[in-house]
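Chains G and Y, in that order, are what the protein sequence lines are. Quick note, the first sequence lines up with residues 1 to 807 if you use our numbering. Quick note, the second sequence lines up with residues 1 to 523 if you use our numbering.
Hints are supplied without guarantee of correctness; some may be wrong.
[To be verified] Cross-link-like lysine-lysine pairs, in silico, DSS-like; alpha carbons within 25 Å at most:
| no. | chain 1 | residue 1 | chain 2 | residue 2 |
| --- | --- | --- | --- | --- |
| 1 | G | K450 | G | K473 |
| 2 | G | K779 | G | K730 |
| 3 | Y | K293 | Y | K326 |
| 4 | Y | K429 | G | K520 |
| 5 | Y | K500 | G | K564 |
| 6 | Y | K350 | G | K600 |
| 7 | Y | K326 | G | K600 |
To be clear, the hints were calculated from the coordinates, so they are not data collected in a lab.
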Amino acid sequence: MEVLKEKVEEEEEAEREEAAVRAERGEKVVRPMEVQREEAPMTQEMLRDLEKKLSDIEMAIPEKLSTFTKDTIDTSKLPLSYQSNTLKEEHLLQVADSFSRQYSHLCPDRVPLFLHPLNECEVPKFVSTTIRPTLMPYPELYNWDSCAQFVSDFLSMVPLPDPLKPVVQEEEKVPPKKYAIKPPRDLTSRFQQEQETKKLEEIKAEEERQLREEEERLLDVEKAKTDPLHGLRVHSWVLVLSGKREVPESFFIDPFTARSYSTQDDHFLGIESLWNHKNYWVNMQDCWNCCKDLVFDLGDPVRWEYLLLGTEKSHLSLTEEEEDGLNDDDDVENLGKEDEDKSFDMPPSWVEQIEISPEAFETRCPNGKKVIQYKRAKLEKWAPYLNSNGLVCRLTTYEDLECTKTLEIKEWFQNREDMLELKHIDKSTGLNVDYFKPGHPQALRVHSYKSMQPETDRIMEFYDRARVDSLVKREETSKTMTEYYRGRSDFLSYRHVSFGDRVKKLSLNSAESNPRPIVKITERFARNPEQPADEDVAERVFLISEERVQLRYHCRDDHITASKREFLRRSEVDHKGNKIVMTPDMCISFEVEPMEHTKKLLYQYEAMMKLKNEEKLSRHQAWESELEVLEILKLREEEEEEHRLTISIYDTKRNEKSKEYREAMERVMHEEHLRQVEAQLDYLAPFLAQLPPSEKMTRWQAMRVKDECLSDFKQRLIDKANLIQARFEKETQELQKKQQWYQENQVTLTVEDEDLYLSYCSQAMFRIRILEQRLNRHKELAPLKYLALEEKLYKDPRLVEFMKVFV
Amino acid sequence: MNWLYDSVEPRVMDEDMLKLAVGEQGPRDEAGQLARQEGILFKDVLSLRLDFQNILRIDNLWQFENLRKLQLDNNIIEKIEGLERLVHLVWLDLSFNNIEAIEGLDTLVNLEDLSLFNNRISKIDSLDALIKLQVLSLGNNEISHMMNIIYLRRFKDLRTLSLSGNPIAEEEDYKMFICAYLPDLVYLDFRRIDDHMKELAEIKHQYGIDELKQRENLIQAQLDDERAQREELEEHKAAFVEHLNGSFLFDSMYAEDVEGNKLAHLPGVSELLQAYKDKFVIICLNIFEYGLKQQEKRKVELDTFNECVQEAIQENREQGKRRIAKFEETHLLSLNAIRDESEVTNLEMKIAEHSKDITELFNMLMTLEMQLVEQLEETINMFERNIVDLVALFIENVQSLMAQCRDLENHHHEKLLEISINTLEKILKGELDEDLPYDVRALFVDKDTIVNAVGTSHDLHLLKIDNREDELVTRTNSWCSHLVDAIHKDEIMRNRRRVKEIHQYVDHVQNELDNLECSEIID
């Protein structure tokens, strides 16, 4: 029950919003006129400025006012209700006029009321009748927020909140424990500390002051153009009243931005009047403190002067306030009968129901494209699949108010095959950052770079779980490459490679086969719990040019120092000319707990040999990483060029493959249908038609019908056989004739004639053969066909009762 | 085949033989050169091959502590022995010998691969310790009884088995039987067992296997029960209140009490005894529950303490590590700088500066350590106070409960005495209706005898109670003092270790600097 109720509420919200759309629509057309009536000398420029101010957040109306302006609508095609007023409406207009006269008499210093603007067809319409609650089939429109978002897209634009905003986690504070040690005694001089803090504070205060000054200066610059029309501007917005449908408190929705505002918000300076599809109220409360003190109890005639009496069951004392500004709070069930049970009722709305096609709903913005200019920023929106590269949104921020110097560009993509999601271009630093969704062939997550050239500054982050080597991040500069790993079975967590300058090669080999020499490789490992800390390497540094390897081991659980070992790989020859394999000074080690077996030269030698192999491997890894970078860069360039888009298999409209499949299926169905029709051919129809109508068939007649049908069929089979036979004979005769002719004239024939003759022969032979085959086939099948028909006739429902007797 | 070995003189496994083998099988080439230079210690050897040596008796292997793989095949060994110390052994090959019984493998818990191919073994047993066994080769032996297979069921990791060439392999049901009873086996007699075979075997021997499994499960359940009981008892012992959750103490009081048992036959005494027992058991249960509760409390106290101390040590350690890491950065840089410095005055200055750094590091680390020592000392003292208080409280309460037991006993004693004297009077008067057993009647000779008998019983009971109480008190106290001692000792050890570590590290760093200086001066 609860769920149902909630849904009803949402639906109703949706209606309200739709009504709002309609209201805006109706109103928008007339507003310029209306405003002009009030404040005569207003240029288009000022209007725009006004709009900007009204929409509360710095936002400008796009160049074209909206696609719903007069010129796009053919008024002659609109229904009659648009072009004329009914009697009731006329009456209402008179009521409104008299109301307006009284009002202006009573409150001469207030602005004339916004009661009956002209619609598209230049016909005055009372504002309430421009609202028509409508239920839409889209679940997104059932909640006020997503609905308002849609409406705002239809009308204007709002930037989405940054989807990449990090989530801040608060660290849990552990309560102090019983045996927690006391903090060490603080022996520092308190006086000194105080002096220090004082000094710091002074510095900080100074800094803050400077900062504030700077800010103020900036603000002054921006505020230079103070609004001369502050408080005079007019704007329409949506008020959702509290009470019903679990709306805890009243709030405003700005239709342009889809944002909700509390009724206490400073941006709303006052309310002239409210209306929904049933009534119209004039605010009689003082708005000296903006909207903060307003009481939204519409049943209170002192605060809210109503236009129509008793059309609403609003009560003064009820805590549930039921009225809205532009909204209605109707239940779904009395949608239709709302007009019957009221004393003087609002005439039914003259507007047509809003219809939004799924395409239009997906497209959202008019023509699928929209540009919103903000202060120092421009937001462009496109419908999905509109751009061939999948671009759906672009936010450009500028340094200056005139929007000439670009600061950064953010581009959002959708449905990209390479999973590109967001491209962030920082113009001031030249840094590009590409963000990818999971599923890139190289498991790329983030790629930030300044240029696509290899061996330059770049950072690539990866979805490490999708990679075999568990690489998390690879940072590159022109001289180094740093890789971070997570969760590897060999516990490698970090590898840093320093490159030296490329040695110039004299050979003809290209640059690719001339990798930069590696100077140093640093690798760090996480702790391997299966090994003792003294044997578990934490960091190893291969100083390749110096032929030196440094090892640092992990620290034991209860120690603060870690073992170290350094190998010098020098192949020297002693004074006798023998090669020195290993000497004690080739391995310098510091051991936290000296061990016996590590002192041995053999152990050290083996360790060194192992390291030698590992160095080779690490170098190879570094080389492979470089190759991979090249590969990724190449792939990225290809992807950028191709920018293929993926299409969901559920997208029946765009998915070519499924379309083809569907069409094929349809074709098959169609053919199947044809065949069925054929199968249902009624053999008996012509024979039954011969019988006298509307008489019950006798058995004799039935037998006759059957026999006739069969004999007819037999005759047809024989005819067919004869036909084929005749053709066959004709064809053979002709061939014989031709052969005869050929034999007679063989000597005199030219080569062409002979060729002609030969081709004729072969064709004739082919035809004869085919005819022969057909004849044979017919002979074979004819009895079967006959039997099949007989069988069928026996089973025919019209004859079956007569046949049973004989069977 | 054995005549061949018989004709040759059996050899003894002596030092020379082992040395030779180690030398031959040790590292090669350059490493070998080094090995020869330094000599190889037996305990560093991981793998040893001693085949075709005509060894009769395994000996002298105790030094090879870390041996992983040992090959003793193709000898004339008759008895498995001398392998007790080779606990790390993973691979043991004793094939082609003259072994008759499996024995002497009880310490080789890490053994995974055992080969006893071509011996004279007739029975599979004494392998219980080899829980990791994966490969067992027993081909060409004299195993003749199928029931030996069932013994192998206990090796959960056994995957490869060879038994060909044994009398049992001749039996018609041999393969089926093994497949059925060792379902985890993958290779039998060097061939993979196919799934079809497994299924067939399972169906064929289902009856027998089910029965066997049933029995095994029963035994397992019994073992589990026993273990659970043992664990429970251990827990109670830790709380010092074992055997107090029932009538054990009461029963023990009467177990050796001849007179008491005799007196139980008196009229009215059995009811009295029953009431006494009920009350006594209730008090025992009280003690028991209280003991468990207190144990829990002590545990929580100890855990909190340990956790806090560990945290403090961890934090201190992190600080120390940070200091050292910071120092190491500068250390390397300044060493390089000193190495590169050519001017003598600058050099000296730098060296002095660096040694100052080192001293500073040392002081810093030592300060940290001293700080920790002070902090921990305080905490430990606090804990000591608390735990001693807890224990004292426990003992006090238990003693008061025990006093209740004694009161009960006294009360019972009085009652019993009264009944006894009454009975005596009756007997003397000849008014006694019931028949008393002869030995009971013997007590009622005169007043002294009966009073003595009752008194003896009473004394015995009190003694039991006292003993139990003493045991509890002494054990509790000794636990407490041991705990505190251990904590103090641990802390001292920790401190010693850390100080040693710091000294060692600083010495090392200083040495590095000194070495540089030396080489500089020489240069």
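Now the hints, each set against the structure:
Pair hint K450(G) plus K473(G) holds up; C-alpha atoms about 17 Å apart against a cutoff of 25 Å. The suggested pairing of K779(G) with K730(G) holds, with an alpha-carbon distance near 19 Å, which does not exceed 25 Å. A hinted pair counts as satisfied when its Cα atoms are at most 25 Å apart, and K293(Y) with K326(Y) does not qualify at roughly 49 Å. The suggested pairing of K429(Y) with K520(G) is violated, with an alpha-carbon distance near 114 Å, which exceeds 25 Å.
The hinted pair formed by K500(Y) and K564(G) meets the criterion: a straight-line CA distance of about 17 Å does not exceed 25 Å. With a CA separation close to 35 Å, the supplied pair K350(Y) and K600(G) exceeds the 25 Å bound. Proposed proximity of K326(Y) and K600(G) is contradicted: the alpha carbons are some 32 Å apart, above 25 Å.
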